[in-house]
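Chemist: Sequence:
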Amino acid sequence: MLSNPTPHSREMTIPAGRTLGVSGGAITTQGSVTVELEPYSRVGIIYDRHGHRVSDRATIDDINIIHEDVEIIDVSGGTASRVPIGMEAHELNGNKASRDDFLTRARETYEGVPEDSARHLGGFQLLAQLSYLRSQRDGQDVGLYSPEALNMRYDRGADTIYSLVRAGDLSLTSCIGAGYNNSGALQISMRNNTSREIRVRIPQGCMFEQAEWTGNQNLVVTNEEFVIIGPAKEETFPLHASCANSSAGSPANDEMNVTPFIFRDLGESFQNQDSVWRSFDGDGGRNTSL
52 MLSNPTPHSR
62 EMTIPAGRTL
72 GVSGGAITTQ
82 GSVTVELEPY
92 SRVGIIYDRH
102 GHRVSDRATI
112 DDINIIHEDV
122 EIIDVSGGTA
132 SRVPIGMEAH
142 ELNGNKASRD
152 DFLTRARETY
162 EGVPEDSARH
172 LGGFQLLAQL
182 SYLRSQRDGQ
192 DVGLYSPEAL
202 NMRYDRGADT
212 IYSLVRAGDL
222 SLTSCIGAGY
232 NNSGALQISM
242 RNNTSREIRV
252 RIPQGCMFEQ
262 AEWTGNQNLV
272 VTNEEFVIIG
282 PAKEETFPLH
292 ASCANSSAGS
302 PANDEMNVTP
312 FIFRDLGESF
322 QNQDSVWRSF
332 DGDGGRNTSL
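Quick note: our numbering has the sequence shown finishing at residue 341, numbered continuously throughout.
If you are wondering where the hints come from, they were derived from the structure by calculation, not from laboratory data.
Here the structure is a predicted model, which is why all the values come from computation and not from measurement.
C-beta: ideal position from N, C-alpha, C; glycine also.
Possibly wrong hints are sitting among the right ones.
Quick list of the computed label-pair ranges, beta carbon to beta carbon [claimed, not checked]: (1) 242 <-> 118: 36 to 46 angstroms; (2) 68 <-> 155: 22 to 32 angstroms; (3) 115 <-> 225: 21 to 31 angstroms; (4) 122 <-> 67: 12 to 22 angstroms; (5) 92 <-> 287: 33 to 43 angstroms; (6) 155 <-> 72: 30 to 40 angstroms; (7) 286 <-> 122: 34 to 44 angstroms; (8) 128 <-> 168: 34 to 44 angstroms; (9) 225 <-> 65: 28 to 38 angstroms; (10) 115 <-> 248: 37 to 47 angstroms; (11) 322 <-> 91: 30 to 40 angstroms; (12) 242 <-> 71: 22 to 32 angstroms; (13) 144 <-> 91: 42 to 52 angstroms; (14) 165 <-> 60: 36 to 46 angstroms.
Below, computed lysine to aspartate or glutamate pairings styled on EDC-like, alpha-carbon distance capped at 16 angstroms [as the list claims (entries may be wrong)]: (15) 284 <-> 192; (16) 147 <-> 275; (17) 284 <-> 334.
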């Protein structure tokens, strides 16, 4: 049981290798689990006897929509909601008109996304594309989904790559997606704009979106990583990332943007590429078009 007794939201992590329980009931956690707790709240994390987290959700599609009576979605909120769009699911077949419509409506619907393509800061495109795909899989209701309904939480960290770029302490001088499920799927160049050394955290689940809607996949960081950049220095480094959408092509030297969204581990989400695809796409992902 994790508890947040403070008036502020807190990010808490149970690391891999932690022993939980006592005597004969003790287990050793097999993976890191990070959750965001609302003020004055508690949450229970359940493990099986082998130390793997047990979750009642396996894919994005398992998340029930709580509200459909909203017109604007605050991306920093924590409610699973959907804003209906007057389109039929069969119209979402990857054609340019439907893509453009979804992206335009996304910019009108979501609040709190500080998009800046020159700084490689994004978010609208990711939300539009994941909503586009979930609407196809649903087959009935078409709409824009909140981050919570897409199994993502808002990045509130002070030391993360997104927060440091947004604050101006770091600049992303280059952010390229190339391939998938390997240690060089993301190639990033960052410049430290300060006079002090900066330790940059790239959280597990950190989402990078395609800068343009090319039909290629978005990328998700599969393991938390840290990079240290000296004062006024620029560093280039690779990140291990997996593709997030099984129905699309893999990035091929594509420009990418970092987003404020972190995909939650649903228990086995980051074990391998297939488990990532299942968490994002469920069983019907390969029948969709991005």
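Chemist: Residue 155 and residue 72, beta-carbon distance inside 30 to 40 angstroms?
Modeler: Since residue 155 and residue 72 have Cβ atoms about 52 angstroms apart, the given range 30 to 40 angstroms is violated.
Chemist: Does residue 284 pair with residue 334 here, judged by a C-alpha cut-off of 16 angstroms?
Modeler: This hinted pair is violated, its Cα atoms lying about 45 angstroms apart.
Chemist: Check the following: the C-beta atoms of residue 322 and residue 91 are separated by a distance inside 30 to 40 angstroms.
Modeler: Holds, since residue 322 and residue 91 (Cβ atoms, about 34 angstroms apart) stay within the stated range.
Chemist: With respect to the beta-carbon atoms only, verify the hint that residue 115 and residue 225 lie 21 to 31 angstroms apart.
Modeler: Given a distance of about 40 angstroms, which is not inside 21 to 31 angstroms, the answer is violated.
Chemist: Please verify whether residue 147 and residue 275 have alpha carbons no more than 16 angstroms apart.
Modeler: Distance ~35 angstroms between residue 147 and residue 275 Cα, so the pair is violated.
Chemist: Is 22 to 32 angstroms a correct range for the gap between the Cβ atoms of residue 68 and residue 155?
Modeler: 47 angstroms, violated
Chemist: Evaluate the given range 42 to 52 angstroms for the C-beta pair formed by residue 144 and residue 91.
Modeler: This hint holds: roughly 46 angstroms between Cβ atoms.
Chemist: Okay, residue 286 versus residue 122 on CB: inside 34 to 44 angstroms?
Modeler: 43 angstroms, holds
Chemist: If I claimed the Cβ atoms of residue 92 and residue 287 lie 33 to 43 angstroms apart, would that claim hold in this structure?
Modeler: With Cβ atoms ~40 angstroms apart, the hint holds.
Chemist: Note whether the CB distance of residue 165 and residue 60 lies within 36 to 46 angstroms or breaks it.
Modeler: Hint violated: Cβ distance 19 angstroms, outside 36 to 46 angstroms.
Chemist: Is it true that the CA of residue 284 sits at most 16 angstroms from the CA of residue 192?
Modeler: 49 angstroms, violated
Chemist: Can you tell me whether the CB distance of residue 122 to residue 67 sits inside 12 to 22 angstroms?
Modeler: Check failed, 42 angstroms falls outside 12 to 22 angstroms.
The structure shown violates the earlier hints numbered 2, 3, 4, 6, 8, 12, 14, 15, 16, 17.
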